[in-house]
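Q: Going down the list, the protein sequences come from chains A and B.
The opening position of the first sequence corresponds to residue 1 in our numbering, with each subsequent residue numbered one higher.
The opening position of the second sequence corresponds to residue 1 in our numbering, with each subsequent residue numbered one higher.
One or more hints might be untrue.
Stated by the list, open to error - Partial pick of chain B residues on the chain A-facing surface, computed with a CB cut under 8 Å:
id, residue
1, Arg8
2, Asp11
3, Pro45
4, Tyr71
5, Phe222
6, Gly224
7, Gly237
Derived from the structure by calculation, the hints contain no laboratory data.
Cβ coordinates follow ideal geometry from the N, Cα and C atoms, glycine included.
Number of protein chains: 2
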Amino acid sequence: MTTPTNPRLDDLLSTRARIGWGASAPPARPVAEALFEFGGGHPDPSSFPYEGMIEATADVMKAEGAPALSYGEPQGYKGLRELVAHKYRLFENLEVPTDNIIVSNGSGHALSLAFSAFVDVGDPILSEAPTFSGTLATIRRHGARVLDVPLDAEGMDTAVARQQLEKLRSEGKLCKLIYTIVNFQNPAGPTMSRRRREELIALAHEFDTLILEDDAYGELRFEGQAHPSLYALDKGGRVIRAGTLSKILGAGVRLGWLCAPRQMIPAFQGFLFGGGVNPYVSRVATFYMRENLVPHVARLVDIYRLKRDAMLKGLWEVLGGTDVEISKPEGGFFIWIKLPTGTKIEGLREAAVKSGIQFTWGPAFYANGGGEGFIRLAYSWEPPERNYEGAKLIAQAIKNAR
Amino acid sequence: MTTPTNPRLDDLLSTRARIGWGASAPPARPVAEALFEFGGGHPDPSSFPYEGMIEATADVMKAEGAPALSYGEPQGYKGLRELVAHKYRLFENLEVPTDNIIVSNGSGHALSLAFSAFVDVGDPILSEAPTFSGTLATIRRHGARVLDVPLDAEGMDTAVARQQLEKLRSEGKLCKLIYTIVNFQNPAGPTMSRRRREELIALAHEFDTLILEDDAYGELRFEGQAHPSLYALDKGGRVIRAGTLSKILGAGVRLGWLCAPRQMIPAFQGFLFGGGVNPYVSRVATFYMRENLVPHVARLVDIYRLKRDAMLKGLWEVLGGTDVEISKPEGGFFIWIKLPTGTKIEGLREAAVKSGIQFTWGPAFYANGGGEGFIRLAYSWEPPERNYEGAKLIAQAIKNAR
């Protein structure tokens with residue numbers, strides 16, 4: 001017998017596994033000790049359809065019990081793909097064949113399928129800066145080189161996007177995809193204008209690249225005008241769109257999807273490793289949602305609008321008169337704050353910890369540095385009165401941190 | 001505006017996405033038109049706990065409704081990891097801390113986490129030949145170079161494994177891992193002997209590699225002696241073990257796990273893209289299983305033993321007297337048949353289609369060619385009397401195909 005030895009993980013790990021090896025991950029759930037959970041994009045727990053899910057389970061067991069507990073279709077439960085098509089028809093007047101939809105374990109997983117299908121370690125992509133920190137973790141894991149594109153009130157700055165694409169072309173490199181969050185951009189807040197949407201699509205065609213359109217919150221619009229999705233506007237099969245039930249049903253079901261040109265579906269499916277995605281919970285969620293989609297979403301819009309307004313009220317009551325900039329998103333879960341000039345971040349963080357306030361610091365949303373003068377607050381988890389109370393506390397902490 | 005153009009997918013796809021691009025995947029569900037579904041490893045639908053899942057859902061909603069519908073722990077629901085530890089204690093007298101367990105979307109996904117963590121395109125691994133076709137698809141997608149190791153009645157031939165490892169060493173290459181199915185090997189049938197298990201672990205230490213131990217069926221043992229798992233026998237943190245609820249609860253829940261040295265857990269977790277694995281169905285399955293694990297598994301053992309015996313009876317009644325070789329696995333879902341000398345595969349396939357019999361042809365289980373003279377039959381899906389009837393039909397087709 002050989003003497004037992006510990007494996008040399010440094011030699012055995014894959015290139016992608018080595019990325020960030022040894023670093024710790026941010027919390028994925030509400031922080032238990034937080035008094036005010038303004039950190040993650042956690043849906044409102046009081047809105048979950050607890051009874052509805054029990055009833056839907058009984059309906060599923062009666063109608064489709066054996067398939068619910070068996071391996072499923074590789075592309076995902078057809079009933080759920082029909083529900084997604086129904087949702088697009090209802091909310092956006094958009095017709096999508098179910099063959100163009102592939103189900104995933106939440107939209108984070110959906111995005112990872114797109115990165116796996118198109119990105120090799122070192123490949124360039126474009127992304128808004130700032131952008132969602134969770135997606136940045138997924139992008140990093142795939143080893144993509146991220147070229148930043150800033151945003152303004154109309155969303156991604158397409159003039160800068162063009163410069164970045166031209167720069168890559170001059171290097172002889174192909175941009176693999178452009179990642180964008182089109183509605184209530186996370187974290188910065190703007191909805192991309194119609195004009196910018198058309199410019200971005202034209203860029204994708206001109207530079208022979210793809211667009212990965214992330215839209216986790218689109219239905220949760222409180223006010224303002226919705227624009228057609230990039231997927232709907234495109235005419236040449238270059239837009240992949242990610243969606244999710246997390247924000248309109250509950251994140252615990254882990255159901256998302258990609259809606260994409262049909263020829264790409266096999267490329268994504270190759271990275272689903274066996275058994276079909278969640279045949280059981282796909283059916284339970286579908287049976288609940290197809291009876292309740294419209295009234296449930298309408299109820300959520302009212303809930304989150306109140307929550308946003310309560311937080312904004314608390315922030316402005318204390319910070320009015322400073323040169324703070326506070327986003328007012330037309331939907332979604334987040335407020336983005338440019339701190340007043342001279343705010344000392346360390347002081348703010350200490351005060352926030354003391355008051356039990358969880359928030360996310362700006363640099364988490366930048367692939368290549370930046371964001372030190374910003375914070376993101378989520379108004380989705382706490383009830384309105386807690387949003388108001390906590391907002392006043394953190395606003396006071398901001399004011400004091402100078 | 002630029003003129004719309006179709007994307008050049010050939011230029012845009014990642015290296016891994018290009019593997020097998022254009023090939024079609026085998027069916028993941030029972031084939032609807034099959035009269036006798038002997039193809040895939042589909043659990044028995046009459047054994048599913050339909051009522052139990054409805055009750056468990058009501059219990060979950062009462063006890064843990066909000067976390068069930070929210071984002072979950074990155075490593076997986078702790079209650080499920082406790083259930084896995086409980087199962088190991090109960091069935092194998094093995095103590096595993098919950099920190100060493102990471103939850104996945106079924107064991108196929110669990111295996112993919114291990115390949116993602118350790119395998120770059122071109123990296124060598126060792127695997128039994130034949131081995132499970134689903135894992136071969138996952139291995140291919142990761143671009144691993146598979147070195148074959150044959151089996152005999154004691155499982156993987158460790159003498160050949162040594163030769164392969166020595167060959168790699170002489171090439172200056174590190175074997176990333178050794179993939180093995182230890183119990184009722186799929187498809188060939190043998191359970192790895194105690195002696196071979198110890199030899200394989202010694203090889204992993206001597207050649208500084210890892211072992212990926214796949215054990216989806218271990219609890220479903222009808223007879224014969226169970227041996228300690230490789231994970232239990234190892235003393236140096238080189239064994240990663242994959243398990244699943246698919247075969248003892250239902251594949252539709254998509255719940256599997258890796259049980260591994262704790263230092264490796266972050267490497268696997270890096271390839272779980274957001275939100276925690278199935279917080280909802282993890283709870284429903286756990287609440288059902290922790291009340292019913294032992295009696296439910298005992299019932300399944302009786303069910304599948306009967307099914308195996310019915311199929312074996314049908315096969316031998318017709319094929320007795322030929323030089324056919326038919327495995328008699330001590331558990332699991334599959335029978336492996338070495339066809340009688342001179343069997344013409346085309347004739348057999350045509351006759352099987354005519355009789356509506358779905359089966360899997362040997363080459364599906366070989367990474368580097370081989371298996372033409374073999375077929376695999378699954379006895380798990382059809383009831384015993386259908387196994388008997390269908391087995392006689394395919395046995396007759398085999399007899400005629402000469």
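Q: Does each hint hold? Answer for all of them.
A: Hints and how they fare:
Checking arginine 8 (chain B) against chain A: minimum C-beta separation of about 6 Å stays under 8 Å; hint holds. The interface hint given for aspartate 11 (chain B) is met, as the beta carbon of that residue sits about 6 Å from the closest beta carbon of chain A, less than 8 Å. The restraint placing proline 45 (chain B) at the interface with chain A holds, with a minimum CB-CB distance near 4 Å, inside the 8 Å limit. Checking tyrosine 71 (chain B) against chain A: minimum C-beta separation of about 5 Å stays under 8 Å; hint holds.
Here the hint on phenylalanine 222 (chain B) is broken, as its CB sits about 22 Å from the closest CB of chain A, past 8 Å. Taking 8 Å as the C-beta cut-off, the interface hint given for glycine 224 (chain B) is violated, the closest approach to chain A being about 26 Å. With a cut of 8 Å, the hint placing glycine 237 (chain B) at the interface with chain A holds, because the nearest CB-to-CB distance is about 6 Å.
Hints 5, 6 from the list above are not met by this structure, while the remaining hints are.
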